[in-house]
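Construct the complete structure from the given sequences, taking the supplied hints into account.
As given, the protein sequences belong to chains A and B, one line each in that order.
Heads up: the first sequence at position 109 corresponds to 109 in the numbering used here, and the numbers run straight through without jumps.
In the numbering used here, each residue carries its 1-based index in the second sequence increased by 413.
Watch out, some of these pointers could steer you wrong.
Distance condition first, Cα-Cα at most 35 Å in a straight line; then the derived DSBU-like pairs of lysine-lysine [as the list claims (entries may be wrong)]:
no.	chain 1	residue 1	chain 2	residue 2
1	B	K563	A	K405
2	B	K551	A	K323
3	B	K551	A	K405
Treat the hints as calculated values from the structure; they're not laboratory data.
This is what each chain is made of:
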Amino acid sequence: MFWALIRKDLVRRRRSPASTLVMLAFPFMMAGLIGSVSGGSGGEPEFTLKVFLLDREDGVLGGFLAGASQRRDDGNNLEIVPVGEEGFARMEKGEASAMLVIPERFSDRLLDGEDVALQLVLNPAESIKPEIARQGAEVIATYLDVLVKSAGDRLGHVRDLLDADRMPPLAVVTAITGELYGEMVRAEPILFPPVVRVVRDKEAGGKSEQANVFGYVLVMVSVMSVIFVAIRAVTDLYEDQRTGMLRRQLATPLTVSRLVAAKCVFAALFGAAVMAILLVAGAFFGWFGSGVPVGSVLLHAVAFALAAAGLITVLVALVRTEKQAGILSWVVVMAMSVLGGSMFPLELIPEAIQRFSRFTLNYWAIEGFLDLMVRGRGATAALPATALLTGVGLALLVIGQHLMKRRLREALR
Amino acid sequence: MLQVQNLTKTFGEIRAVDGVSFGVEAGRIFGLLGPNGAGKTTTIAMIAGLIPPASGSVHVDGLDLAARPADVKRRLGVVPQEIALYEDLTARENLDFWGGIYGLRGKALAARRDALLDLVGLADRAREPVRNYSGGMKRRLNLALGLVHKPTLILLDEPTVGIDPQARINLLDVVRGLARDGAAVLYTTHYLEEAENLCDELAIMDHGTIHAQGTVESLKAELGEGSVLTLQGAFSREDVAAAVERSTGLRALELDDGRALLNVPRGRAGVGAALEAIYTSGLHLTDVTVKEPNLEDLFLKLTGRELRD
Ligand SMILES: Nc1ncnc2c1ncn2[C@@H]1O[C@H](COP(=O)(O)OP(=O)(O)OP(=O)(O)O)[C@@H](O)[C@H]1O
Ligand SMILES: [Mg+2]
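Put into structure tokens, the structure is as follows:
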């Protein structure tokens, strides 16, 4: 009896898949959009990326990077702070999002064609900014790599010139600069790839084992999809009321409680399924590291979908019409999404506002998923968040069911 | 099978149903005949347990609805006046859903579903979304959905509204078949012919109360043996009452300014004598009809108004 209701809802979703497809596509669109935007120009909040630079070589690259600090009009600032060996200790204290270490004799070895690597220390306490720094470093590495391969000989000249004690003849400098410029223009698409490109290159090579901005954003936005799925499911009850299906169903042995419970169970199952599909697809694109604890992720998804269904049931039962229900739940979802980290990464939200984040479902859902899938904190890392969502979800469901029962009975009179 | 006692329901000032009592036996079709707003749907809603009565009781199979709603509802098949279907699902899927609600599954459900699709003549369109159906097809599916679980008491609320004559004949046949198979059927309508042809027993309802109840024959008998004479013209109620008074055998069924409904006794003198009496009374007449009594006349007699469509 109960399952007939859930089965019916599933079949109906299959019949009218548009909204479900949007819920599935939306996070991917946002991941692509925000993912590329974070690497480039502006999001709304002030975004300052602070990176320590430990230059053990004390050469050209370090000087160049140190000068790259910029304060831009659009509020996205990159702050590169030269540090000494104490940088490691300061990183431990979480003073910057990342620290780039240029090893000794880096430029020379690079120009000599040796295998060299930039070292990057990420701040484990943050999640998206270190990620951006890492991608930035990757861009630099690619840049250098291409530069050396395409213009190696001439770069040798540049080194000679720079190392020379005397001021080099202007003509020579101009000639070399001109040549280099030409090379760079030709190489531009490779040198300044949009972040998307970097990621795609990486996927293709399958080198990266780490999560990236895309995975992060996918988690953020997928959480919204799950809430939208819940809204759609629960407001179905109002549709049933409008079309007479509710009356009809209540003339069977079904009770209002059963109907509402079935709707919530459906919302939870379907929401969890949508979340799972999104995360699996994200993993398929290589947006999450390996070794994701699948069981914990699923559990967390179900807990969250349950909480979302509960919250929406309460909200929808508080108002009188389908339309009001739509508006109220939309407003609440948007507010929760902004505060809870679905719209902007939590770290970008001013601290005064962050205090409210913990009162949103999004916050706990996102933190849990990030711990499990992006930050790689292990299978049990999200348990507190999962437990909290389950508890809150069950409480909301009980309250929501009660309210909804009253609301629907009232409507029948 | 169904016992309704003194059911009452008020909506604010409106006494939608006011002290209604009747019973329906297994294998019988009981008609609730009344115009718009008579209280038919409200009565059905109370029997179906959808709205609690202000007073009165409903028993099905001896079970008190108030005490054991789930047991009672399991025996009920309700076909609502307003068509209620999932339009995005096919007829099959709609039937599967309702069957599932009553715990039907697998082969039993499939067999029942196919039988019903045949019964209401939708088998060839069963895999199409209901959205594509005509109004009449939706009506028929609306009926089928109430029958999935072989209910022993079937409540049909104006199931033939908006379907073509042939489909109506088929549907009425289906209803007869249900009764023949042993179900008790409560059938509401505002179509006289339907009530007259279909129902074993009838209640005439208006303004929330039942004005008369019985078999079609016994109800017609209330109009008296003989024919019904209807007069229309420019006369007052008093004039026509005086004319009836002076005549022999004529009996007033319903008198009004400008209209009168009279009973003409059977017999040799009968209609001729009656017409003569009226004619000589000097009433200004515009229309005179003589016919066998029907329920329309009874309704007019009982409520003082016509049963409109
Ligand atoms: N929910 C309601 N709130 C207020 N009044 C109602 C409600 N439902 C019915 N009524 C009133 O009760 C009376 C009986 O209505 P009901 O629907 O039972 O009539 P009906 O015999 O089914 O009429 P119809 O042939 O039009 O379907 C009407 O006056 C109607 O306006
Ligand atoms: Mg009605």
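Hint by hint, here is what the structure shows:
1. A C-alpha spacing of about 29 Å is found between K563 (chain B) and K405 (chain A), which places the hinted pair at or below 35 Å, so the restraint holds.
2. A hinted pair counts as satisfied when its Cα atoms are at most 35 Å apart, and K551 (chain B) with K323 (chain A) qualifies at roughly 27 Å.
3. For the proposed pair K551 (chain B) and K405 (chain A), the alpha carbon gap of about 29 Å is at most 35 Å, so the pair holds.
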